[in-house]
Structures are given as C-alpha cells and as structure tokens.
Amino acid sequence: MIDIDPHVAAVLDRLQPPTRPQPDWENVLRRVAAARDGAADGATARRSASRRAPLRGCVPLRTLGRKTAIAVVLAALIAALAAILPATIGRNQMTLIDRAIAAIGSGPTTHVVLDQGLGTRLVNLHTGKTTLVHTRIEYWSDPKLGTLRISTLNGKPLQSIFIPPSQNAPVRDWWRPLVTGYRSQLRSGAYHLIGTGRIAGQAIDWIASKPQAFRDGNSGALLEEVQEIAISRTTYKPLYWRMRVDGVIQPDSGVRVITADTLPREPSLFSDRHAFRGGASITPTAPRTTLAQARAAMNPDPIVPPARLAGLRRTWVGLPRYLAAPFNSYRDQIGGVELYYGHTDDAGVPTYSGSFISITEFPHRNPAITYQGIALFPQDAAIITNRTATMKSHGLYIIIEAGSSDQALTAARALAR
Amino acid sequence: MVTHDPAASVAELEALYRERFPDFSRVASVITGDEQSGVDAVQDAFANAILGFADYRGEAPLEAWVWRIVLNAARGVRRRQRPQPEDALPAASGNGRPDDDYDVRAWIAALPERQRLAVFLRYYADLDYQSIAHALGVEVGTVSATLSVAHAALRRSHLEAQT
Chain A
33 MIDIDPHVAA VLDRLQPPTR PQPDWENVLR RVAAARDGAA DGATARRSAS RRAPLRGCVP
93 LRTLGRKTAI AVVLAALIAA LAAILPATIG RNQMTLIDRA IAAIGSGPTT HVVLDQGLGT
153 RLVNLHTGKT TLVHTRIEYW SDPKLGTLRI STLNGKPLQS IFIPPSQNAP VRDWWRPLVT
213 GYRSQLRSGA YHLIGTGRIA GQAIDWIASK PQAFRDGNSG ALLEEVQEIA ISRTTYKPLY
273 WRMRVDGVIQ PDSGVRVITA DTLPREPSLF SDRHAFRGGA SITPTAPRTT LAQARAAMNP
333 DPIVPPARLA GLRRTWVGLP RYLAAPFNSY RDQIGGVELY YGHTDDAGVP TYSGSFISIT
393 EFPHRNPAIT YQGIALFPQD AAIITNRTAT MKSHGLYIII EAGSSDQALT AARALAR
Chain B
74 MVTHDPAASV AELEALYRER FPDFSRVASV ITGDEQSGVD AVQDAFANAI LGFADYRGEA
134 PLEAWVWRIV LNAARGVRRR QRPQPEDALP AASGNGRPDD DYDVRAWIAA LPERQRLAVF
194 LRYYADLDYQ SIAHALGVEV GTVSATLSVA HAALRRSHLE AQT
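Chains as they are written, first to last, in my numbering: chain A, 33 to 449; chain B, 74 to 236.
To be clear, the hints were calculated from the coordinates, so they are not data collected in a lab. Cβ coordinates follow ideal geometry from the N, Cα and C atoms, glycine included. This list has only true hints and no planted wrong ones.
Calculated lysine to any residue pairs in the SDA-like style (CA-CA distance at most 25 Å, straight line):
hint, chain 1, residue 1, chain 2, residue 2
1, A, Lys-269, A, Ile-231
2, A, Lys-424, A, Gly-435
3, A, Lys-269, B, Arg-91
4, A, Lys-242, B, Ala-218
5, A, Lys-242, B, Ser-221
Simulated coverage check for chain B against chain A, where a stretch passes if three residues somewhere in it have a Cβ under 8 Å from a Cβ of chain A:
hint, stretch
6, 98–106
7, 201–213
Given the sequences, and given the hints that come with them, work out the whole structure.
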C-alpha cells in the first residue's frame with residue numbers, strides 16, 4: 033500500500049476538508065419510496081423526495097361519487113402510511129457495531145476462549161502415530177492486571193502464561209487484537225461491515241478493521257493487515273476471527289470464538305502466576321553465529337542435524353531472529369540458535385521461501401513462546417500446524433518452519449533421534 | 074454468501090451507511106464539487122442499492138459494491154450539473170484561500186479520472202487496494218500502479234509550488 037506523504041495529504045485536505053455531515057437514513061428510504069412510486073406510475077423516479085413537484089391534474093373529491101370518493105381517500109391513506117412506515121422502521125435503530133459493543137459488555141476483564149479446531153496433528157516421533165488434536169486457547173485480559181493465556185490440547189491444560197500489564201511484548205498470537213483491543217476498537221469506529229455469511233450454520237455479518245501497516249519480519253516488505261470478525265446476527269458476539277494480510281486470508285489465523293465476554297475484575301486470577309519476561313521483535317536479518325559459539329552459549333547444547341536434511345543443504349547458522357538489534361540485551365538471558373536449510377539471497381541471508389527448513393532451538397520455554405506465540409511443546413512428539421512444527425527434545429524447546437508440512441515433520445524426526 | 078432477505082439487506086445497507094457516511098459524502102462531494110450535491114449523490118446511491126440489491130452477487134464485499142454505485146451517482150450528478158471535458162474537475166468546496174485552491178484543483182484536474190478516483194478512495198475513504206479495485210472495476214495491481222503514478226504527480230506539483 034502506498035502511504036500518502038504529507039505533501040500530498042495537504043493537497044487533498046485543502047481540496048476537500050473533512051466534514052461530519054449527519055447521515056439521514058430516512059431520506060434514503062423516502063427516495064426508495066419515491067422511486068417505487070415513480071416506477072408504479074410508469075414515470076421516472078423522482079430525484080429527491082424532499083423536492084416533490086406539486087400535484088397536477090387532481091380531481092376535486094366532491095366531483096366524484098360517494099363510493100369512489102371513499103376509495104380515493106382510503107388509497108391516499110394507504111399511500112401515506114406506506115411512505116411513513118419505512119422511515120419509522122429506520123429511526124433509532126442500533127447499528128451492528130452498536131449491538132456488538134453492547135454484546136461484549138462493559139466489565140474491565142476480557143475473557144476469550146478460542147478454538148483452533150482439528151487442523152493440528154500430533155505426531156509421535158518414535159512410532160509415527162498421528163492424532164488429530166483439538167487446541168483451545170483461553171485468555172483473561174485486564175489492562176490493570178495483565179493477560180493470562182491458558183492453552184489446552186484435547187481438553188488437557190498444557191501451559192499457562194501470565195503477561196504483566198507493564199510488559200511491552202504482548203501476546204504475539206494472530207488474534208491478540210481480539211483479546212486486548214476488541215471493545216476499544218469497536219468504540220473507536222475501527223471496524224466496518226464488509227459482508228454477510230454463515231458460520232457453523234449461524235447467520236453472521238463480517239466486520240473488518242481498518243488496514244494496519246507492518247513490516248514483514250522475513251522480507252522486510254511493508255504489508256497491511258486487516259482483522260475480519262464474524263458477528264452473530266442472533267447474539268451479536270464474535271463467532272470467528274481471521275487475519276487478512278495484503279488481501280490474502282492467512283490460513284493459520286482462523287479461529288472459532290467460543291466465548292467473548294467482559295467480566296468483573298478478579299485479581300486472584302492473575303496473582304501467583306509465573307510471569308513472562310523479555311521483549312521481542314522479529315527482524316528480517318539476525319546476526320550469524322557458528323555452531324561452536326552456539327554450543328558455548330547454550331545449555332543444553334544445541335541439537336545439530338546432518339548438514340543435509342530432506343535434500344536441503346544447511347546454509348546458515350545464526351541467532352534466533354528476535355535476538356537481533358535492538359534486543360541484543362536479552363541475548364545473555366535467553367540464548368538459542370537457528371539452523372537454516374535452503375536458499376539464501378545474494379548476501380547469504382535466508383529467504384524463507386520455496387523449499388526450506390528453519391529450526392530454532394531455545395534452552396528455555398519463555399523465549400520460545402515469545403517467538404510467534406507458540407506454546408505447545410510436547411515431549412517425543414511434534415505438533416504440526418500447516419508448515420510449522422513445535423516439539424521438545426533433549427531439553428530444548430524447538431520451533432520448525434518449513435516450505436511444507438512434510439519437510440517440517442522430516443526435520444522433527446531428525447531432531448528427536 | 075449473499076443475503077436475499079429484503080429486510081436484512083436494508084439493515085446491512087443502513088449499518089454501512091451510518092458507519093461510513095462521512096467517507097461516502099466526502100468522496101462524493103469532491104467529485105460533484107459541493108457538499109450538498111455529494112450528500113444527494115450518496116443518498117441516491119443507497120436508494121439505488123436498496124432497489125437493486127438483487128443484483129449484488131457477493132463477488133465483492135458489500136461496501137465495495139456500494140462504493141461503485143456511489144461513484145457512479147456522483148459522476149452522474151457532476152455531468153448533470155456542468156457538462157465538462159472528462160478530465161476537468163468541478164470547483165472545490167474550498168477553504169477560503171482562492172489562489173491556493175485554484176492550484177490544488179489544477180493539480181488534481183491534471184490527473185486522469187481513474188487516478189483521481191483512486192486517490193480519493195484511498196485517501197478520503199481509507200479503502201484498501203482490493204476495495205478500490207472492486208469500486209473502480211479494475212485489477213488490484215492496476216490500483217497499485219495507478220496510485221503510485223498519481224501520488225508521484227501530486228507530490229511533484231506540490232513541491233514545485235513550494236520552490
């Protein structure tokens with residue numbers, strides 16, 4: 033997207049300064065009625081209901097017979113009612129956004145439960161047994177108390193993370209805006225209606241946020257993201273959430289919204305939790321390192337698969353991308369290494385495109401979570417979602433990104449040995 | 074999926090109208106040349122959208138479909154008001170600085186119509202490329218290229234005027 037620069041913006045603002053004319057929906061309905069009247073009369077639609085031409089050729093009632101006169105009066109009354117009724121229907125009607133704001137409530141703590149469905153596979157890396165798993169994530173978020181994120185796998189709680197309110201690195205999940213900013217964004221007018229549809233048999237309206245620019249961590253390209261939320265026409269609560277980046281729906285962003293409420297503040301919920309620490313920002317290029325340096329810096333030692341994996345050659349070893357400047361200060365605290373197999377650009381930097389495997393290993397869980405918000409690290413098994421795998425092996429928390437689901441699984445098997 | 078329930082259609086259009094009316098009227102006003110005509114065009118367009126909702130096939134978001142109707146209505150008003158060469162721009166609503174406004178109008182008028190409309194939709198209505206593409210009936214890539222050229226031309230004119 034082109035960002036309009038200030039010079040051009042000044043030109044456009046001078047051409048047509050912003051104003052806030054009042055919407056008059058009743059006038060639209062009057063135009064509809066006028067056009068229908070016109071069509072019924074075989075005449076062209078009147079251009080404006082407020083500029084009706086005076087009636088011509090009217091016959092005085094007294095010149096008609098009694099029955100005819102009554103019929104004319106009744107017809108006139110019906111016509112008048114027909115003209116008034118649509119205007120009455122439209123008056124004081126709440127908009128979809130108004131109803132969505134009312135439905136989410138006004139409590140200080142947001143409670144959201146998201147269902148990622150069965151699109152995720154749990155693969156036993158020793159036996160090869162594959163199970164479709166149901167993943168859910170539950171959030172409790174309060175601007176004063178922080179955010180609590182609890183993930184479950186097939187109903188079994190896997191991990192809870194607490195992010196203090198002062199923490200600058202919020203939940204990195206795709207759907208974080210739904211957890212931390214849904215109500216305020218509704219109130220600020222950030223969403224608009226884009227269409228209709230059905231989710232699980234329920235009629236819904238799609239609303240979308242205004243495009244927000246961000247820089248892609250891998251390519252450095254400036255992209256625009258738009259959140260799309262399906263709002264139930266019955267309850268006006270969100271039923272589904274997804275992210276569109278530069279016009280394309282992100283396949284791993286879609287989640288069913290099981291619960292979305294606001295509740296009274298409950299401080300005990302947020303207390304006595306292991307707090308997440310450390311800032312993070314994924315950057316397009318990370319500092320190189322060597323395997324020897326990684327071994328010296330990490331405890332446990334990194335797992336180093338063969339130099340060729342799934343037909344791809346290891347071409348780059350570096351620090352995890354989020355450790356690059358300006359977050360180098362965290363390096364000593366969290367460590368980690370990234371092994372990359374596949375194409376690099378002219379500067380020798382991974383392209384993360386086409387056929388590739390990227391393996392990021394962390395000695396501690398928290399930095400791994402920071403990295404893309406992934407929280408599920410089963411022992412001796414891999415969780416495969418689209419082209420990403422997560423696992424725990426030899427004491428390391430591992431995230432694999434690859435060009436395909438099969439490549440991700442191949443890498444996971446190599447790391448489990 | 075497209076809703077065929079007439080009451081639901083009207084409710085959707087009303088919601089869109091109430092949420093985006095300032096943007097619709099701002100774009101329509103800059104095309105027609107004055108705010109009242111712009112508001113008239115928007116109201117006519119929504120009336121036409123209600124009457125013609127059966128024609129909406131859901132291939133584009135509802136808003137993009139309505140934008141197309143609003144643009145057509147505004148261009149229709151402009152043609153009825155003042156027959157002009159295709160690329161001329163009607164008088165702006167202005168801000169009390171006639172000389173400056175003349176320059177601004179001239180810069181905008183120098184743009185081909187598609188560039189002008191793309192700039193209006195991007196800047197005044199904050200539409201994304203996809204929606205602009207639907208509204209103008211062009212490909213998304215065309216919108217990107219069109220905006221790039223228009224933007225460069227406006228920036229050049231503005232900088233030249235300052236030197």
